[in-house]
Amino acid sequence: MDSQCDFNPLKEELKSQLQRIIQRMQQSLQELEQDDQCLLNEFEQLSEEVSRAESLAASFYLKCYLSSYTDKYNDISHCVRNLSQRRHGALIVVRREDPLEPFITPGVPIRANLSHSLLESVFVPGGPLHDGAVLIEGDEIVSAANVLPLTTTVVTEKKLGTRHRAALGLSERCDALVIVVSEETGRASFSLNGNLFAFAVR
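Numbering-wise (the numbering used here), the sequence shown opens with residue 942 and increments by one.
Because the hints were derived from the structure by calculation, they are not lab data.
Incorrect hints may have been included.
Said to hold, decoys possible - Computed Cβ-Cβ distance ranges for the label pairs, DEER-style:
no. : residue 1 : residue 2 : range
1   : N1134     : P1050     : 24 to 30 Å
2   : P1069     : L980      : 52 to 58 Å
3   : S988      : A1053     : 58 to 64 Å
A quick note: this is a predicted structure, and the numbers were derived from the prediction, not measured.
Glycine included, each C-beta is placed from N, C-alpha and C at the ideal position.
Sequences and hints are given; from them, build the entire structure.
Rendered as structure tokens:
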């Protein structure tokens, strides 16, 4: 079955969200002609809707990126959703084309078939492997407790934790896709090509 079919509901939801934003913007343009209308509150609401659309778009593209390199993208999504709900911090590296050996300090070999339950078990707080990153190649969990390079870029707009700085650090050096779950907020993000994107957990 074409994996793209799995993404169609998410794509349609994103289209609907964008259409709602366009309609609200058109309504704001009309209200701007009325001298007694203040649009500041409308702008705040539009900003929130755009933020939700951005998060939804990130979720859609994450699945697209993952499906090109692993058939287990649904297991990864299921794992991230559960970790996010429990606020269990996580750092997951999905290898794409570039070799990762020059950039990762190896951790503990696992070499097991990827499943969401096994992946979740790695990040149980207090467990022997929960610190560091899990490395995934294809449909296999290669290793856990790997150490990634931290970003050298100065991030001024917000404070980033070590996991997020590690995700950025690796994606700045290679084409790997790195997923992060914050243990403080449960928020999920992924880093690609030196950029960090929050996404809606689906």
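Non-conforming hints, listed in increasing numerical order: 3
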